[in-house]
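Chemist: Here are the chains, one letter per residue:
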Amino acid sequence: MYARWVLTALLAWPLIAGVVVLLLPARLAKYVALAASVIEFAISVPLWWTFVPDGSMQFTMDRAWIAAWGIHYTVGVDGISLFLVLLTTFLMPLSILGSWSYITKREGGFYALLLVLTTGMIGVFVSLDLFLFYVMWELMLIPMYFIIGVWGGDNRLYAAIKFFIYTFLGSLLMLVAIIVLYVHAGNATGVYSFAYAHLLSNAKDLGPTAWWLFGAFFLAFAIKVPLFPLHTWLPDAHVEAPTAGSVILAGILLKMGTYGFLRFALPFFPAVALSQTVQLVIVILSLIGIIYGGLVAMVQPDFKKLIAYSSVAHLGFVMLGIWALTLQSVQGALLVMINHGISTGALFFLVGMIYERRHSRLIAAYGGIARVVPLFAAILTVVSLSSIALPGTNGFVGEFLVLIGAFRTYPLATALATSGVIVAAAYLLTALQRVIYNPLTQHENENLTDLTPREIAVLVPLLVCILWIGIYPKPILRRMEPSARALIEQLKPGTVQAPPAGAGAGEGEGGQQ
Amino acid sequence: MNLNPAIPRDLLLSLLPELVLTGWALVLLLFVAWRHRTVWDLRIAGWLTLLALVSTAVAIWWLWWNRAGVRGVVSMIAADDFRWVADWVFVGAAALTVLISFTYLERERLLAPEYHVLLLLGTLGMMLMAAGADLIVIFLALELMSVAVYVLAGFDRRRARSAEAALKYFLLGAFASGFLLYGIALVYGATGTTNLVLIGARLSIAMRASAMLLAGLALLIVGFGFKIAAVPFHMWAPDVYDGAPTPVTAFMATGVKAAAFAALFRVMYQAFAAVPAWHDIMWWLAVITMIGGNLFALGQRSLKRMLAYSSVAHAGYLLVAVTAGGVAGTSAFLVYIVAYTLMSLGAFAVLIAKGRAGESDVTIDDLSGLAARRPWLAFALAVCMLSLLGFPGTAGFIGKWYILIAATSAGQNTLAAILVLTSVVSAGYYLPVIMAMYMKPEPIEAAHVDVCLDRWGRAAVAAVVVGLLLFGVWPNRLFDLARAAGDSVHAGGTTTAAP
Amino acid sequence: MTGTTVDLIWLAPALPLLGFVLNGTLALARPTAKTLVSIIGAGVLLAAFGVAIAVFSAFTGLHAEAPVVFRYWSWIPVGTLQVDFALQVDQLSLVMLLVVTGVGSLIHLFSIGYMKDDPGYARYFAYLNLFVFFMLVLVLGASFPVMFVGWEGVGLCSYLLIGFWFSEEANANAGRKAFIMNRIGDFGFMVAMFMIFWSTGSLDFDTVFAHAPTALTAGGTAITAITLFLFLGCTGKSAQIPLYTWLPDAMAGPTPVSALIHAATMVTAGVYLVARCNLLFALAPVSSAVVAGVGALTALFAATIALKQWDIKKVLAYSTISQLGYMFLAVGTGAMTAGMFHLVTHAFFKALLFLGSGSVIFALHRAYHHTHSHEDAQDMRNMGGLARYMPWTAALMWIATLAIAGIPPFSGFLSKDEILTAAFARGSVEPIWLVFWGLSLVAALLTAFYMTRLMIYTFHGPNRTGEQEQTHLHEAPWILTGPLVVLGVLSAAGGLLNVPELYHGGEWLHHWLEPVTHPGAALRPEPPLVSGTEWMLVGVAVAVAVIGIVGAWQLLKPERLVPARTASAERGFARILRNKWYVDEIYDALIVRPLVWLSREVLWKQIDQRVIDGAAVNGAARGTRALGWANRWLQTGQVGTYVAVFVVGVLLVLWRAMS
Amino acid sequence: MLLSPALAISAVLFTLGVAGVLLRRNAIVIFMCVELMLNAVNLTFVALAQSLGLGGQVFVFFVMAVAAAEAAVGLAIILAVYRHKQSVSLQNMNLLKDG
Amino acid sequence: MTLTVFWIFGVIAMGSGLLCITRKNPIASALWLVVTLFALAALFVLLDAQFIAVLQVLVYAGAIMVLFLFVIMLLNLGRPGPTDIKGPLGLLGATVLAGALLLLLRPLGQAPLPAEIQLPPGTVAALQQQRGMVGAVATPLFDTYLVPFEIASVLLLTAIVGAVVLAKRKL
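Residue numbers (numbering that gives the first Met the number 0), protein chains in the order written: chain H, 0 to 512; chain B, 0 to 498; chain X, 0 to 658; chain L, 0 to 98; chain W, 0 to 170.
Next comes chain H alone, as it looks inside the complex:
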């Protein structure tokens, strides 16, 4: 019962709740929305235990939808998507709680959109039908567009339309690619279906078309990631979005790109994706993202922009990890995706909280506030450290795995990417210093109030995750491993390392350099 309906419930519940929120009086909106999102999280939590780490799709449900085109409502999760779903349901209540006093106008609409957005995001991660996937992929665009455009900062209109058109450009080409795949598979087998498995098993013999199709998928996902030259929507969208928007944007929306690569672009077109040229391009772009993102972040006067550029760098690690295709790097990439959601989410929350008090995002507007708001300063420090991957925090485990895994495939590139940790320290610590340390020069800052219990309630779960994943990530890694293994086995047969003989001393194949 639970296994069959849970994903559908996760998709339907926020939608229903969203409508309810919209119809209720605005003053009730946030309470209802919070309750709904907590329930949503509660529904999703048993996934953790009931999930069987064997690399298969679970909790699947399959119903005909538009039979004429072979479109089904097919959902399911595996080790790759499980944690993205959980991350989504985990971040949503926090986002709602974090918007509590930030959003003052048209609350009903805001919270309803957040809930609808939840459906879209979860839908992207659980869809096993490409039509459904595409619908969900686009569905989350509109709420985000409104969230940025209606509740955003001064330059919100520009940011919103930029975000929309950028994403739309990529996704529409992907749409064509999906349809071409569909027609190709249909012509080859006589079965016209958008089912993931069907298209996957018939994505062969495409010839040069595969390059075009991969290009279309690549564009859609690379924009979302965002990969280097396609990233300029991100700083604008992040900066202008309200706190919850930024959190979700960074925490979940960006993961859709990398998830798309893992789930679609790579498995569908392995020959293209793993060709010399594409590998070279991706690795170079990831590297640029890591170093360039960090360097540009270093000189941002706006704290949110800084975090936005740091996201470019973080996601560069993910891309590198995915393309390296070793067990460590892929799992590391998955972990970095989760970590980035937690740490960057927390950073955005913190910036939002201080923004609510002071109405400025400029780093220069602060300074020395650790004296005034010690708790805020302490948490900001911890979160920043997690973001720069200090060992003991979640950030380290992810980046370490990515790098150590990628080193086998791309030693030189990984060595260069590792230097990203230096840049990361440079930009975040500089910002940290200029915000919470240094002399307190601005009088407006002297009377800042420290975090309220509500805000602490938002941050504590994130802090717990930061430390938990940093110290004991095994439960997560264990659940991911079979799926990651299956993926690599499918793309590069025979390269996956044998499962360890037993925990502890790593007796592995040594010697290859």
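FYI, nobody ran anything at the bench for these hints, they're computed from the structure.
Each hint can be trusted.
Here are some chain X residues pointing at chain H (derived, C-beta under 7 angstroms):
{"#": "1", "residue": "I75"}
{"#": "2", "residue": "P76"}
{"#": "3", "residue": "L80"}
{"#": "4", "residue": "A171"}
{"#": "5", "residue": "F186"}
{"#": "6", "residue": "R599"}
{"#": "7", "residue": "D612"}
{"#": "8", "residue": "V616"}
For every residue, glycine included, the Cβ atom is placed at its ideal position computed from N, Cα and C.
Please build the complex by placing chains B, X, L and W on the supplied structure of chain H, with the hints as guidance.
Modeler: Just chains B, X, L and W, lined up with the frame of chain H:
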């Protein structure tokens, strides 16, 4: 029910909807001759018109239900699912137009119930266009429709803009008719007949395409290209749409376009399926229409002109369906035209609500802050815009998706790519509408207080929104209908493997 | 599990961690509860020291030849990469454990007095406890990643403590600089880990060292790269050329911090790492030479700078860098014991020096505080003749000075001499070591000189603090001097740990560390020296130290010195030394500024904003829109134009159809 | 056979009609030019009818009906425009345009 | 002989057509158009379409063109004033475009009709002999072409309604 038009009873039966409509038009004409002064006369005429359209729809339904068809006989009139579905679109477009006309006509003091007579006659022309199995029928029907619409465009005689629109439309329309007619003449010369099925038969038995045929075909395409407002034959559209009374604009953008496309489909696929030359032309027309329509729409501030160019762009998408052809292309066309009719009409309805008596232009900025004052209206327009943009969850997306499938099945991947790329451009002018309504403040206090629709207009808008969302999520029945209709046009032709 | 007290090893890091949690909570909740904080802060350290002693004695009883590893939980298990959170007890880690907890305890006690008036008292102890926790993880970690946790963790605490008084921008800058410099080193550490994993299949110390000789060719590129990257990590953490510049700046932190982190423990982590990986370095002779060379060079280089510093802590900072250079010379030479020996003795006397200077600063600060003066309490030009006011401090610091200068029989003499001897001995096989030996000998001379200078200017000659302030100068309270006394004893007698055979000593440390250092030593045995040569070397070393001290007595005239406020700037070469060879300025001009400029002006403003966003993205949007606007040239309302376009369309369609 | 010359003359007349539309500004004259085009087509129909049967002639009949209908409506429209602008020159039809 | 006569009328038609489009005065244009229509009527006769020729004269030249003239007069457009012919640029454009169009339509004059669709020569004339001039056209009108015929009637009705709506004094 197999009808043989040679038998008078069968002929009448096959023309039943048209006869019903004609009958109602005459009744209405009589009524108008008798009562044509007050608001109430206008309202009663409107209700009668709705009644007429409903009964016509029922007649269509009856024929469809009984699977009426003219099969195996050379006839002036085709009776197949394609015709019924197209007819429903026309009738629906007309009905929605009537619904949104009440507010407009009364507000603009256009108390002439002849409006409704002309609307019915124009609809009759459309239905005959979709029914025509002979070029001469199609030509006459097209003229019937055009004449009615010329007049409707200039219906608001008090306004110079309306008159100017009528004149431009008329002159260019007559000019284009000349080309169409010349095309018919040349095709007649080349094949010795004007019957579509016969032309198809003669061309398929290895008759070499002569220069005369090709010239005729080209001129036919030009003639239809004008009516569907394909670039570069589109230039009348923005001006005429702009100047015509808004409900008429809506009717033109939906019904007229749909009818022209329906005829185009029948002509191309029943008569010229064996001639490859036109595919190339259609391909180019589709490309430049999509690019042109979308680019030009970007430069507009006036909402009405923007919608005009947008309708040009959508003609481009439909041309992709024409180019793709096959059952899929035809079905895609029908699905798309249903969606397009709904969303365009919805948009124009909101435009009517926003416009003020005598006011000429509604700019996009005039909508600023509408969502706060009129949330439902704003929501409706937003849904229409998203649907026009082709956003999932709306019928516009389903339609576009279908066209893409048709194009891809036909191997037209480039065309599909151009379609989506130009769609991205279209976000550049659809989104600002939403943006204005939701994200900008009201320009002045109470800027939208007098924005309203009467209950008929609201019903129309509600119907549109429900339709758009319903078809966006659950298009199955529509697909079956469209599929059967597509099959019926291609009964003798080749059917592609893809859906 | 050994079933002995060794099993309690987890308590050693856990206690400081507990202290951190408690003190951290207090810092946020009740910052004024100073007594509680002191009890917790120093208590956990003393308890940890107790645990350390207990473990040490239990371990001695085990006579273990191999490390005892405790695996607590599986930390990062992915495929063949199985990193457990594991601690390892062996001879080497025990030495470090004792030093860290021992010296740490003393410094914690000292801090109670030193920091008692600071508003951030609780925060201070929280950080300090956290530091000890990470330091213990560093030294006890059983694998590279676990060690790396401590490695970066101590860097973090260093950062937090350097910037402890963060309201001064300079302090905050210093903290950041330390962290980033350390990160550059950590980059090397990480790359080395990657290479180690893919060449040996593991990151656990025991597995790596077991596999390394077979998996890696001795002297090959791979092992050389691995060790060089490891050493890059060391240069960051242990302030060696080229990454040493953070350490002098780190003196911005409270003085006990300087004593604990920047003298006794954290900065020696690099030495510990090389000693831990002695096998790997033994496999890579080139890297060893680099380590020794960099060490020798750093020893000399830092010593030259120390000659002309006025800030008492800066002198000690450069002295620390210099002494660390010695340690690296030792471990690079292969004399792991000598390196570790010097590490331990240095921990004693340098901690003493720092705490002593802390005591001095404390006194001066208090004096200036009484008179509301804003003079620099750390500038030696403001001191002078303090021996009269603070006899204990002066005496204890003299012990440390003699130790660092290498005067027998103080601890520093034995350890430094062992290093010099080892370098000289290596020179018989590889002549380049003779150069290193020469460099370090000169450095020894300079060490003696600048330390004497420090003592003379601080404690002797006339007092320059000021007339009114003099009345407030007096010895620090017992909580400050108590730890000094203990350290004084250790500095004097610490040499007993490893009395060489030359003096018929037992070389206890050498034998103790044998199980750890043996694998490397077996591959790269120390060349033997005849005892005559050894005596000669001792003579040279002592002579050099004496020359340095006496020279300083002769050359320096504390009577002529004027207070800092009225002093004139140095000229000539002295100025270059005073300004630390302008290395900071060079780094700033060559690396920092260009990088920031590149990031801001080129990458962000040009590439990101102008090229990608401006030209490509917005340009495309603008271009598209412009094309749309361009249509108004055609859509003029003139039917004539429309007809013309129409006819052109007709012609095109006709043409396409008929051709 | 008169077919070829008839078609040729028809094409020329048609072209003349098009040229007229292109050349003139007066709405009524333009409309007359359109009539010229229709007549050119009529010539084609009649010429073809000679070879292909009477269908062509029937067409001409219909074309005349269409022309009459168009003339009625068209001239009414022209009158309506004239009422507003006191002119039938298309140069003055510039209320509706982009921008 | 017939051909010569055909060409004479053809040339008249074309010449007057050219004059129609180039006369400055709308009335002159209209009259030249009438000439063209008459010439066409003559051609129709030569092409065995006597009934159509009659209609051409009656309906076209007689009714429709009178309507045109009537409107021209009504609006007093015949008075001297600025020409409505476009300037040299317009002339050039029109000439070029029209020339190109003619060039593209040139193959029409040469292409023979496919033999299989042609009736035997004289069939039409024979049919007219058989059914009479009017009957030959009228019979199919009420038989084969019944539907278009009815549409045409509705079309005319629509035109009437439209014209009334547009022209009546009060809306």
